[in-house]
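Asks: This is what each chain is made of:
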Amino acid sequence: MATFTSTKPSEEETNKVYDRQIRLWGADAQRRIQASRVLFLGLGPANVELCKNLVLAGFSATVADHRKVDAASLGYNFFADAESIGKGVGEASVENIAELNPFADVKIGSTSSCSDAATAEKLVEGHGVVIVDVPCTRGSEEERKLINEACRKSGAKFLAVRCSGDGAAAFLDLGAEHTYVVETGEGAKKTTSAPQKASYCSYADAVGVAWDSVKNKKMAQPPTPFLLDRLDALFADRPTSKKRSRDEGDFVAFARRELAARSLGLDDTILARHARVAGKCPAHIAAVVGGVLGQEVVKAVSGRGAPTNNVFAFDAATGSGTALFASPVERAAAPKAAVPVDAIEL
Amino acid sequence: MAQPRYDHSVAGLGEANFEKLRTCKVLVVGAGGIGCELLKNLVLVGCEKLTVVDLDTIDVSNLNRQFLFRKKHVGKSKAEVAGEAIKRFNPNVEVEAIHGNIITNPLFKVDWFRGFDAVINALDNVDARRHVNRMCLAADKPLIEAGTTGFLGQVFCIRKGETACYECFPKPQRVVYPICTIRSTPSQPVHCVVWAKELFKLLFGDASASMLFDDPAAEGEPSSFASACAAVRTTSVDGASKAVGAALAALCDAEVKAQLALGTYKTAKKVPTPLSSPELTDGAASQPPSTITNRPADWDRAVWTAPQCSAEIAEVARELLSNDMKERLGSWEFDKDDEASMRFVAAAANLRCRVFHIDPLSLYEAKGVAGNIVPAIATTNAVVAGLQVLELLRLVEQKCILSEERTSLAEVGRYTYCQRFPTGRKCELLQPVALEGPQPTCYVCRNATIPVALDTNETTLQTFVDVVLKKKLGFIDPAVDKGNSGLVDSEDEGLARNLPLTLAKLPAGGVVNGTLLCVNDFQIDLEVNVEVRHKANKDFDEKANPERVDILTGAAAAPAVATHHDFISQNDENSEPAAKKARH
Ligand SMILES: [Zn+2]
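One line per chain: the protein sequences are A and B, in this order.
Each residue of the first sequence is one higher than the one before, counting from 1 in full-length UniProt numbering.
Each residue of the second sequence is one higher than the one before, counting from 1 in full-length UniProt numbering.
If you are wondering where the hints come from, they were derived from the structure by calculation, not from laboratory data.
Among the clues, some could well be false.
As the list claims (entries may be wrong) - Quick list of in silico lysine to aspartate or glutamate cross-link-like pairs, EDC-like style, CA-CA up to 20 Å:
1. A/68 with B/7
2. A/153 with A/143
3. B/426 with A/315
4. A/16 with B/59
5. A/107 with A/81
6. B/87 with A/81
7. A/16 with B/337
8. B/72 with A/95
9. B/72 with A/13
10. B/72 with A/99
11. B/87 with A/99
12. B/71 with A/11
13. B/72 with A/12
Model the full assembly from the supplied sequences, consistent with the hints where possible.
Replies: Below, the structure is given as structure tokens:
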């Protein structure tokens, strides 16, 4: 297996490269980041962006993808090029990923599927974070649950994200007991809270809740990207005999049925559009999702700031990115309302 | 049929709209943190006609987020390296990369802006944003603006007559610290850092331009440190420690004592304490922290002792006085990325803090303050650059551009905030809100008259042009008329003699309370009316407003907001030396 590591850099050298982010999240967070390795399962649009963001920040990476590079993937995977069409995605990308940051260690991981707890544990071993780019893995919901359980056992943070042309949904599981501090104020006035604890439910529990419960106050029904993600999961896992094709009509009819069974509904135009763009995620949507989730991973690993508990949904049509709660247990405390701030001297 | 590499874009846009996007001529201003992300997104989604402008070169501290750059590119043009990198991502792309200043380069006229279908800003400073805003209004092109600070960011669109422009709302102004605060009554670390930069200038730069310089021809006693400071520059490398020790003793001991004796601090809340002269003079001969072998990696995070500061300043003096550096004496300008000048400023600011009972800063902290360093990370840049392209696609899909129809951006544009934590009742991390319309008070997009209050008997026309028109209102080459008579015009040499006159004494009856002036700038295609109001100098609060000018409306009316990014002699990050002030 190819591994790309450079000679061990001096801390003074890394301090220079990471200066602008150390000024933001501090030296301790930076050390934790540099000591952490992320497993990227499926180098799809979301994971290409996440991989770029996290390797730049100083994380080491393992990338695993069972697919071969095809022409369409060049629309989002800038780590590969036309010459690598036909090669394994991991092999074609690893060198350019490693080049992003000579201080990060980047390698290719196993692409075999997990059929039981033991293989899942083996896969996850050695990683502080595991991110599944759902449409670009072979895995079913069952396999994701196995991988998530292995993460809960080893203490690794788990993310599953599905990105499409009309938005994305992501599940986060940072474990039954995630500890973090909250910082308020800036510069000399910065104060750090005492350690706080947040409890995340498992992926199995999160995807098992009634869809209609996954909404914030005053929402008539859950945000569209969340519903589309759940529909995609069901559609992908339906019995093979029915998996003849995936044409527009098929998906729309299927989705309508599943939604109606839960007393929910989405516009046919939304469903028809989703049938066309599911699994087709242009780079800029992946960039938005990969940026937001990259930040969540930094929060999770550094233990600074409350990470989203436990769903993020991005709707490209409205531009809204929402934090949601999908869990069988009660939400601890409602997030405090805040007004938009102009962060910058624009 | 579009190429297979565009499958993901075409699926959402459809062939017809994709073709528009593919041939859409896009100008990207800035190839830094946001720019790298933006360029990558644009070429991947299929924009094949790109122009990118940036005046900066690549620094090692860019590498944690500006992912098109590698260590081997340090020192090279951002625009050019970025242009090459994105061609590898998509070989179909035609990219014109221009290493140049968007504000001052004569190539970038209004007509040049007219050649694009959309303009996207990826900038990090107010001056360039203001300029591109004006050019896009003049050329009637949509502008997609974005900015980030740390975890926070925002994205929005601007179009003439349809939305608020960049200057419709007040912007924080650069703070100017009164000289007396810097020279006599510092109360914050930033005041001491400014003082340290002025001291650097006094010792090694253009001494007479330093705030600490005493004109030998002026009346009154010269300050007790003047001769000791002047002596540093003329000494030899071997004499550096001694000369530095003497200068620091004069600055931090003798001068403080002299001021105390004069009663300068009689009514002050905090009274300074002189440092011990022997500690400084002996310290200058001791080992400076930067030369310790096997120093720990975080040596720059530690707060140096007074003798260590003295030693560090002596070390910098030895470096700058050495034979191979001698030529530059008298022309040094502070640069946070120049190690010697940064070490000097950190050490001198530390000593100054000690005198005034302010917690001293480490080199690392002083660099953040002195260099106007805004923390920056890849993730926030990735988000806003993604949202900018989302907006561009919307402009195409909603027929705002490249269409016979012209849908107003007021109907389809959005202003999106990127939050660090779920915000509002919808718990949003990405929070879109409707765009505001053009603001009636805006002098840039609504031709509102700008009332300006100043002392017409004391202010010269030159000051009016430099401070009010250029600095505060962002004109580049303004011509000023009063009725039919011209007062200022850089093309008309005859008018130059007006510049030293005070406003009230100008020809054609003078510029007095109630005079309406017409200010015109062909370079940015902007004409505004300025209404002059007389306000005597004594009626200004000198501390809050040392320039003694009130702009009473619109974007320029904002009160000065003191932030650590904005203060005297500080421009945007990386912009030193001063000649590089205007970016991109
Ligand atoms: Zn305006």
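Asks: Determine for every hint whether it applies to the structure shown.
Replies: We went through each hint and held it up to the structure:
1. A/68 with B/7: holds, 16 Å
2. A/153 with A/143: Holds: residue 153 of chain A and residue 143 of chain A sit about 15 Å apart, inside 20 Å.
3. B/426 with A/315: holds, 13 Å
4. A/16 with B/59: holds, 10 Å
5. A/107 with A/81: holds, 19 Å
6. B/87 with A/81: Holds: residue 87 of chain B and residue 81 of chain A sit about 11 Å apart, inside 20 Å.
7. A/16 with B/337: Distance ~11 Å between residue 16 of chain A and residue 337 of chain B Cα, so the pair holds.
8. B/72 with A/95: Roughly 17 Å separates the two Cα atoms, so the pair holds.
9. B/72 with A/13: holds, 15 Å
10. B/72 with A/99: Roughly 11 Å between the alpha carbons, so the hint for residue 72 of chain B and residue 99 of chain A holds.
11. B/87 with A/99: Distance of about 17 Å is within 20 Å: holds.
12. B/71 with A/11: Distance ~16 Å between residue 71 of chain B and residue 11 of chain A Cα, so the pair holds.
13. B/72 with A/12: The hint holds at about 18 Å.
Checked against the numbered hints given earlier, this structure breaks none of them.
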